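Given the sequences, and given the hints that come with them, work out the whole structure.
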Amino acid sequence: MLRKTGCEPSFRISDEGWAEGAVRCPSTHSDERPAGSPIDLLVIHNISLPPGEFGTGCVQRFFTDRLSVDEHPTFESLRDLHVASHFLIERTGTVTQFLPCTARGWHAGISSFEGRSRCNDFSIGIEVEGTDFCPFEEAQYASLVRLARAIILRYPIRAVAGHSDIAPGRKTDPGPFFDWSRLAVPEILGCGVSFPFFKACGLTI
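Be aware that the sequence shown starts at 911, since it is given in this note's numbering, and climbs by one per residue.
Hint data in this document are derived by calculation from the structure and do not stem from the laboratory.
Remember, it's a predicted structure, so these values are computed and weren't measured experimentally.
All C-beta atoms, glycine included, are put in the ideal place defined by N, C-alpha and C.
Worth double-checking, as some hints may not be accurate.
To be verified - For each label pair, taking beta carbons as the anchor points, the in silico distance ranges come out as:
1) Ser920 / Glu986: 13 to 23 Å
2) Gly965 / Arg934: 39 to 49 Å
3) Asp980 / Ala945: 36 to 46 Å
4) Pro1045 / Val1095: 12 to 22 Å
5) Glu986 / Glu930: 36 to 46 Å
6) Asp980 / Gly1100: 24 to 34 Å
7) Pro1066 / Glu930: 12 to 22 Å
8) Gly1100 / His992: 29 to 39 Å
9) Ser920 / Asp980: 18 to 28 Å
10) Arg976 / Cys1111: 14 to 24 Å
11) Thr1082 / Gly965: 30 to 40 Å
12) Ser1027 / Gly1112: 37 to 47 Å
13) Thr1082 / Leu991: 14 to 24 Å
See the structure below:
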């Protein structure tokens, strides 16, 4: 467990939807949410660019239309693709914010949750730098708990789901190495949110 130093950012969310302590890297890959749509779902993803490589800065460039597909052979599949989550948590635990939480980010794609389609309309997306094939870092979990709590305290979040929960068969992230129990802590559970992962496993928390 990481020792708290008292210097960790709280990530308090402003009225405009920006998190204190997060690095801002504004993206245009968003639009307005439907009028009256609640923000009540938090979606966890994983990402690495190139695949399996970390700390390259490619994710930031991809989300802000500054990534050349010529940089790596695998990037050809990203040509003309315009996506962005609201947040990225790097392997070091650094949190970058691309979109205000109030904006509809383009992160979920074709998706549905509890009978509602178009999850982008009512969700906030967090990318955790990683893959389906290796463990995540302690620093990432520590930042994720603080960020998730800040979001839950600011918006009426009812559930924390993986991309695989809202797009089964199409997406697998955050993957088998993501330890959902790291989010099942009192400061999160005390806010009354549910976790589809535990429900699918038949677990009660």
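query: Are there hints from earlier that the structure breaks, and if so, what are their numbers?
result: Violated: hints 1, 2, 6, 9, 10, 11, 12.
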